[in-house]
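Heads up: the sequence shown begins at 122 in the working numbering, then just goes up one per residue.
Everything labelled a hint here was simulated from the structure, so no lab data went into it. Worth double-checking, as some hints may not be accurate.
To be verified - List of simulated lysine-lysine pairs, DSSO-like, C-alpha gap at most 27 Å: (1) Lys725 x Lys698; (2) Lys387 x Lys349; (3) Lys387 x Lys407; (4) Lys407 x Lys385; (5) Lys349 x Lys168; (6) Lys671 x Lys619; (7) Lys588 x Lys626; (8) Lys874 x Lys619; (9) Lys968 x Lys186; (10) Lys667 x Lys619; (11) Lys956 x Lys938; (12) Lys805 x Lys583; (13) Lys168 x Lys354; (14) Lys671 x Lys731; (15) Lys168 x Lys196; (16) Lys671 x Lys698; (17) Lys731 x Lys698; (18) Lys938 x Lys654; (19) Lys671 x Lys634; (20) Lys186 x Lys153; (21) Lys619 x Lys583; (22) Lys196 x Lys626; (23) Lys968 x Lys938; (24) Lys956 x Lys874; (25) Lys385 x Lys178; (26) Lys588 x Lys562.
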Amino acid sequence: MTTSKQLNRILLILLLGALFPHAVFAADREEKASDYYEDALVRMQHKDTAGAILQLKNALQQDSKMLPALVLLGKAYLESGAPLGAERVLADAERLGADRSQIIAMQAETYNLLGRNQALLERFSPEGLPSDVKYKVLVTRAYAQIDLGQMPAAIQSLEQARKIAPDKPSALVALATAYLRRGNFPDAAAMAQLAVTKTPADPSCWNMKGSVAHAQGNVQEALAGYGKALALKPDYLDALIARASLLFDLNRNNEAVRDVAVLKQKFPGDPRSAYLQALLAGWQGKDTEARNALVAAASALDALPFEAVKTRPQLLLLGGIAHYSLGQNEKAKIYLGSYLNQYPRHVGAGKIMAAILTSEKDYTGVITILEGPAKTRPNDPQALSMLATAYMALGQHAKAVSLLEQASSMSGGGTPDITANFGLSLIGSGQEAQGVVQLQKAYAENPGHAYSGLPLAILYLKQSQSKPAIQILQAVTRNEPRNLTALNLLGVAQGLSKDLVGARKTYGLVLEKSPGFIPAKLNLARLDRYEGKPEDARRRLLAILKDQPKNLDALYELAQLELAARRPQDAVRWLEKARSFNPQSLRPGLMLVDVYLGTGDVQKALDIAKDIQAANRDNLFALAALGRSYLAIGNRGLARENFKRMTQLAGFDADWQQRTAGLQIRAGDYEGARYSLDKALLSKPGYLPALLLKADLERLSGNLDAADKQGRALAAQYPREAAVQQLLGDVAIQRQRWGDAISAYGSAYDLEKNSEHAIGLYSAYSRSGNNAKALAFIQSWVGSNPADPVARRALAGAYVQAGQLDMAQQQYETLNKLLPNDASVYNDLAYIMLKRRQPGALAMAEKAYQLAPGNANVADTLGWAWVEAGEVRKGLRYLREAKIRAPTDPEVRDHLAEALKRAGAAQR
122 MTTSKQLNRI LLILLLGALF PHAVFAADRE EKASDYYEDA LVRMQHKDTA
172 GAILQLKNAL QQDSKMLPAL VLLGKAYLES GAPLGAERVL ADAERLGADR
222 SQIIAMQAET YNLLGRNQAL LERFSPEGLP SDVKYKVLVT RAYAQIDLGQ
272 MPAAIQSLEQ ARKIAPDKPS ALVALATAYL RRGNFPDAAA MAQLAVTKTP
322 ADPSCWNMKG SVAHAQGNVQ EALAGYGKAL ALKPDYLDAL IARASLLFDL
372 NRNNEAVRDV AVLKQKFPGD PRSAYLQALL AGWQGKDTEA RNALVAAASA
422 LDALPFEAVK TRPQLLLLGG IAHYSLGQNE KAKIYLGSYL NQYPRHVGAG
472 KIMAAILTSE KDYTGVITIL EGPAKTRPND PQALSMLATA YMALGQHAKA
522 VSLLEQASSM SGGGTPDITA NFGLSLIGSG QEAQGVVQLQ KAYAENPGHA
572 YSGLPLAILY LKQSQSKPAI QILQAVTRNE PRNLTALNLL GVAQGLSKDL
622 VGARKTYGLV LEKSPGFIPA KLNLARLDRY EGKPEDARRR LLAILKDQPK
672 NLDALYELAQ LELAARRPQD AVRWLEKARS FNPQSLRPGL MLVDVYLGTG
722 DVQKALDIAK DIQAANRDNL FALAALGRSY LAIGNRGLAR ENFKRMTQLA
772 GFDADWQQRT AGLQIRAGDY EGARYSLDKA LLSKPGYLPA LLLKADLERL
822 SGNLDAADKQ GRALAAQYPR EAAVQQLLGD VAIQRQRWGD AISAYGSAYD
872 LEKNSEHAIG LYSAYSRSGN NAKALAFIQS WVGSNPADPV ARRALAGAYV
922 QAGQLDMAQQ QYETLNKLLP NDASVYNDLA YIMLKRRQPG ALAMAEKAYQ
972 LAPGNANVAD TLGWAWVEAG EVRKGLRYLR EAKIRAPTDP EVRDHLAEAL
1022 KRAGAAQR
């Protein structure tokens, strides 16, 4: 009989199950996933790849985001000859945050197997990798270079690899392959023999020796090499294919039967395997079986990606027309460009290409079109002016200046539009003072005229001179009362001058004149956001979308609102919608790149950045986004190329040269950064941001005396600039001159009391060993600025350093209220609670993981929390994940080693 107490207990269990079913089932799934993974590890060690794949799939059915399972499955797929499967799961692992060093060698191998060699070279740079991984990547890159016919580059890559590990066979085998492709049989044979001599137990060396002999027609030596390789590894795919093919060539079909049987059993999906099965079946008179095998071979080949054959002009033209008809202009340009290289006078192809270039504002193409009429009408100043405008847009200001001087002389200097263009071109060429004079001259010739007035006002605004800009814009709007663009820009100028009331009034006037004028509505929404009224801004923007669902600016501004509210996924939704309406649009794409880089989805960022740059070839923002994306995936070489192109295009634009230098520093291109800064300072000799960065570049280069000297010169010239004092503090910290650092950071703090300078001063006190003063200072700052989360985090860290974990916990709990969705706060709380042996640590760690499942520290904390709770199996799942995300982190490695030790003890 069931008692009431028992019944209550049963009801409670049922109720808890109803309330928390997902938590219960999730925990069960994670345990099962961990068990499947551990079994797969054992199977991989015993060469049971098929069994390991099955168990890893089972693990991922239980937990689709189990990072260690994805990485191991990628390895298993590669070993089983399934590169498409490997590509898919490794891409998932990358998206979920696997450390580059853990997957890059497998990804590069996958790309090579799939024939994506150019993409391989572009994406998988060996820079910054551990030596063993770098060796593998260099060898795989060499195979890609061999496939592309880049033999000198391949040999260079392999020589780099040999410097890392002279006795490893992979580079020697690849060198033999490179020499073999060039028809250099003696060097190929020498490398193959060297590989066999150094590592006689490696089957790839014997297979290479057989391949060289095969190519030379030495049949017996070839069969001996393949035979030795297969004796060492009976299921060696390449050796099986090579030996069976050679036996068929020799009409020794009976001997090939055994190899084909192994291929059929072990590698049924390989197209070469299927083809050999077809050969064998045909020889045996099994026509139906032969046909089925050929179909399988063709299907397998069709499933592999391949490039269109560029040597077939009719396909190139058809591809261009088809892609253009579908609106896929970038692909169309590739086809048409190749076609027009062969048939430059083809009218139809030329018309399509011209239409694409015009729609995409490709000024190089525009120049190609315009230079024809300009040459036939050399006395036409307007044609020359149009050409100059195109050259100006491409940053070729010297040519633009020359053309405009010619155009201006032809028109007798009496054409304000050409004079204005002349001024803009001079500014672009670095002659800002002369350019302003020309713009002022053009405006004086026709005061209140928008053509010269608007660019002059914009120039003043760029120089933070709101007053003259407002005066010009007021004159333009009086002269041209219907010019809503000028009136809207007047509102912008008023906003920049902090006259927010005046700006709202001006935007209101615009809307009185034209209720549907979208730029004014957008600017009002921006004002709302600036003034802390996000819901008002949202209402305005949604109203715009109601009338114009495809308005890209409104979609962009909504994304800005979501980012400000820390909702990146919602921002992505708006931005992707904008891109779906116009894939070549610059601003939504640039913001998407930033969002994806911020969330760690670097491949998506790179793909979008490529699309943007292809559609906006010489746009500096697009090039910067592409370069930053290359940096994010670890390809410094291509990043540097993009930044170098930016330096060329920026001309004498001091601001862009300074920004480019900052990017070049991030890419480790210090010489390139120096060149960019020199160009910036040639244009603006006293440009403080460039001078600061130049001094900081000396610091980063280790030239501390030069950095200090330049910093002190700047301090004498700009005694009220906090950034200069911050620089001096950074130099002093690097020189371990704590007193100087405290003095400099203190001066920066006195000049501008903000969070950055407060934390700099706190850090200087702390590193000088004066922990008491450091703690007192940061306590005081946080007391006066309780809403400063960065400083409060520093205070919490100071308490941890002082061993005052209870006080640190209080600060993190306050931070948790300030930043309720910040995973790092939950993680730090969990860490401290673990140290203090408090029971809520596991719950905190789980919350952190829910918010940031891609963070290695968070996974490590959760894994260790489970281990400390006695659930070692559960902990291993997260600790293995943490190691894949951060393989060099000593704490992660120690936690995993201890967990494995405890797991072994538990099994004993």
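27 Å limit on alpha-carbon distance, applied to hinted pair Lys731 and Lys698: At roughly 18 Å apart (the allowed maximum being 27 Å), Lys698 and Lys731 satisfy the hint.
With a cut-off of 27 Å on the C-alpha distance, tell me whether Lys938 and Lys654 pass. holds (22 Å)
Are the Cα atoms of Lys671 and Lys731 separated by 27 Å or less? holds (23 Å)
Hey, Lys387 versus Lys349, does the alpha-carbon distance stay inside 27 Å? Holds, because 19 Å separates the two Cα atoms, which is no more than 27 Å.
Given pair status - Lys407, Lys387, alpha carbons within 27 Å: holds (22 Å)
Taken at face value, is the distance from the CA of Lys196 to the CA of Lys168 at most 27 Å? Holds: Lys168 and Lys196 sit about 12 Å apart, inside 27 Å.
Within 27 Å, alpha carbon to alpha carbon, are Lys874 and Lys619? Within the cut-off at roughly 22 Å; holds.
Pair hint outcome, Lys667 versus Lys619 [Cα-Cα no greater than 27 Å]: violated (31 Å)
Distance restraint between Lys671 and Lys634, which requires alpha-carbon spacing of 27 Å or less: holds (24 Å)
Between Lys588 and Lys626, is the straight-line Cα distance small enough, at 27 Å or below? The given pair, whose Cα atoms are some 18 Å apart, holds under the 27 Å limit.
Lys968 and Lys938 were given as a pair; does the straight-line alpha-carbon distance stay at or below 27 Å? Since the Cα atoms of Lys968 and Lys938 sit roughly 14 Å apart, the hinted pair holds (cutoff 27 Å).
For the pair supplied as a hint, Lys671 and Lys619, confirm whether the alpha-carbon distance does not exceed 27 Å. violated (31 Å)
The structure is inconsistent with the numbered hints 6, 10, 22 and 24, although it conforms to all the rest.
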